Amino acid sequence: MSVATEMKRREFLKAGAALGGGLLISLYVPEFVPAAWATDSAAKPAALNAFVRIGTDETVTVISNHSEMGQGIYTSLPMLLNEELEADWARVRVESSPVDAVYNHTVFGIMMTGGSTTTNSEYDRFRQMGAMARIVLIAAAAQSWNVDPQTCRAEKSYVIHTPTSRRASYGSLAEAASKIAPPQDIPLKDPKDFTLVGKPVHRLDTPSKTNGTAQFGLDVYIPGMLTAVVARAPVFGGKVASFNADQAKAIPGVVNVVQVPSGVAVIAKGFWPAKLGREKLEINWDEGPGAGISTVEMREKYSTMSKTPGLVARKVGDPAAALAGAVKTITAEYEVPYLAHCMMEPLNTVVDLHEDRCEIWTGSQFQTGDRAAAAKVAGLKPEQVTLHTMLLGGGFGRRANVASDFVTEATEVAKAAKAPVKVVWTREDDIRGGWYRPMWYDHFAAGLDPNGNPVAWTHTIVGQSIMTGTMFESFGVKDGIDSTSVEGAADILYGIPNLQVELHSPKNEVPVQWWRSVGHSHTGFSVEAFLDEVAHAGGKDPYQLRRTLLANQPRMLAVLDLAAQKANWGSALPVGRARGIATHFSFDSYVAQVAEVSVEKDGTVRVHRVVAAVDCGRTVNPDTVKAQLEGGIVFGLTAALKTEITLEKGRVQQRNFNDYPMVRMFESPVIEVFIVPSTEHPTGVGEPGVPPVAPAVANAIFAATGKRVRRLPIKPEDLRSA
Amino acid sequence: MISFTVNGKAVTVEDPPSTPLLWVIRDSLNLTGTKFGCGMALCGACTVHIDGQAVRSCVAPVSRAEGKKVTTIEGISPDLTHPLQQAWIEIDVPQCGYCQSGQIMSAAVLLAENSAPSDEDIDEAMSGNICRCGTYPRIRRAIHRAAEIQAQRGGK
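Chains as they are written, first to last, in the numbering used here: chain S, 1 to 722; chain P, 1001 to 1156.
Quick caveat, the hints were computed from the structure, so don't treat them as lab data. One or more of the hints may lead you astray.
20 Å max Cα-Cα, derived SDA-like pairs, lysine to any residue [to be verified]: (1) K275(S) / D1123(P); (2) K269(S) / S1018(P); (3) K642(S) / D1123(P); (4) K275(S) / K1009(P); (5) K642(S) / M1040(P); (6) K269(S) / L1042(P); (7) K418(S) / K642(S); (8) K1009(P) / A416(S).
Reference listing, derived: stretches of chain S covered by chain P, where coverage requires no fewer than 3 residues with Cβ under 8 Å from a Cβ of chain P [what the hints assert, rightly or not]: (9) 150 to 162; (10) 339 to 352; (11) 390 to 399.
Values in this document were obtained by computation on a predicted structure and should not be read as measured data. Every residue, glycine too, gets a C-beta built ideally from N, C-alpha and C.
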């Protein structure tokens, strides 16, 4: 682990502890039994700790405090726990935890899922919880047999007294075990003895995702529930000045129309009448300053700023002198647009609000914040709000909203409607709803020595801060620098002796948020594409230059070499096809990718094959790691080739998949993923696959056509043959 | 009043005839496996079968189902034994899973009409279904695998 990473980890841990986090084993003992568990369908379940229950029918229920949004955590966390519990894997199932301090993220100190941190942060705790349960099950058996626990072992949901081969099932022991205090010291297996962790295991949620039984937030129906859609301001920051709902109320099925802080809600018996009703609303908006926003003008402003000094995020050596003394210098400007998350499941929340309690069903990545926000709107204490985390039909960061926008709004609607209500966003609402990946503009300069190696590198970044003004500001923003604005740029692994990274953080009304891989989604592109320019300017092979600059980074060097080798870097390809290469370090994981690309006469880019290598430490479920890299590559390709959010007169100009298009099956390349075997602590996999694909493709386009791509999305008109 | 069958069961609904079939299936019949993704027939999450043809139910008025046989994801097998379900499970296709009902319903029509689809056939049949998690490479593998399973069983 790099020094920088270790320092970052310590900072996070400190911040998490300040918010009341940290590993507090004492909280995990069985006294804590949420009321929600009363509905358990397993026969007479006994809680062995906050993370596992066992029923008399032998069902083992693992409680996940992290949200399942596709990343496979509803399988990986049970695998970790069961590695120590030694239950029969066929008996293991999973459910989402309620919101409680015991379920807080070990680093962030609140209940949330994000930052590609679940496996990393729960790797020890879930194994400890499994071991704790096994120890008390063995103790219960030993007590009933009046034997020394040391003479008993656990195997496939049975405790076995080794000398006599006497057996008792976990289900028969669970209740007695739940009354035994676990020891403070819980030894864990040596990883070489793992039987589950590190082996490819079928996901527990796959069957329910192939027959329609998986329950997402949108699938929640409760008695008496109405459905609402909300008309929101056409520009960010706009407010309702006045409205007329007469025609909306005339639509059969529309029950009520209410004003809420975010707009006007049409409440109906079902989605369709609510949507028809919304189309009939007449609303006068007080648009405010957001109506002046134009991304064309913003780009001009950003471009100018990028050539002025910003706040210094990192400085190594004397870059100004090194640039002045270089035998060759090159400069370039890079740009990427605002991007919407576009989870396939549009946002939705069900709220059942009563005088003294509130129940919420939604797909959240940010439960502690969402529960607190709902409580505030409802005038309740957070403990009076029960939040059920449903499966998330994609998250990508959108469901970890710092303002709890969709939960707050749904609670406002329920409060005004005086009925249980499900607020549903349409795809248009999602695409125009803001909380985008920021638009970024980068200026680079590099100086080369007589051998063509870079000796100076300056990088100025312009774009909105995500964390400033949020609860994350205190540990995410230091001296005006949001760490997510410069990640992947200020901490590059390449050994360049003189380096400076500067930042401008302009403000405007467009709300921005983390979007799968956050700052890396832009720095991965700009840094790796500019490095490719540096290689060509110095007459170097882009792979070989990276090898040279990574001489002191053995883990990245190993993934780079693996990707290059598996992609046959340097070998001949069919005419018109070329390769591009990129690496990126993010979420403590090392990734390299090689893309094989051709460009058609009309400028259409065809990505034929992407080879990826990853070092993410020890893997829990290797097939999930591969799936996350595959998915990250497709997600990154959509950003590379397809999507941009633009605004004119404050209005978002895209609305649905027709003008905010996704990569589809026929455009999806062959993807090969290779994992570097490692015994290091696990690191992130949900996001690190995203950053390297856009530069790998852009660099391949240069190799194929001689045309340098410096902005995303890549536009065919820029690549058309004359 | 519009009558049709859903997964073999006769139903009569009172929704206005222009209501999209998707919202009748979800809000009136409480079959939630069929998903809402775009409302414009652009993403395929709402794909169902009407008399064996793949239909984007978010834009198909319920009147179109009158007297016909509608099949949703809940109806393609009672016990996860459809070759596509078997292949999906074997290859662990889904990530978030939200689009997969639609993916399977589109693939089911492909497989019914073409017992050994090529990659090009899959591109053609499946490009109306978006997966934001990027499971396309696994969907492709799983369709090929389902074709094998179907063949081993001696056709359908």
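A quick look at each hint next to the structure:
{"no.": "1", "hint": "K275(S) / D1123(P)", "in the structure": "violated (33 Å)"}
{"no.": "2", "hint": "K269(S) / S1018(P)", "in the structure": "holds (16 Å)"}
{"no.": "3", "hint": "K642(S) / D1123(P)", "in the structure": "holds (18 Å)"}
{"no.": "4", "hint": "K275(S) / K1009(P)", "in the structure": "violated (29 Å)"}
{"no.": "5", "hint": "K642(S) / M1040(P)", "in the structure": "holds (19 Å)"}
{"no.": "6", "hint": "K269(S) / L1042(P)", "in the structure": "violated (26 Å)"}
{"no.": "7", "hint": "K418(S) / K642(S)", "in the structure": "violated (43 Å)"}
{"no.": "8", "hint": "K1009(P) / A416(S)", "in the structure": "violated (39 Å)"}
{"no.": "9", "hint": "150 to 162", "in the structure": "violated (count 0)"}
{"no.": "10", "hint": "339 to 352", "in the structure": "holds (count 5)"}
{"no.": "11", "hint": "390 to 399", "in the structure": "holds (count 6)"}
In this structure, the hints that do not hold are numbers 1, 4, 6, 7, 8 and 9, in rising order.
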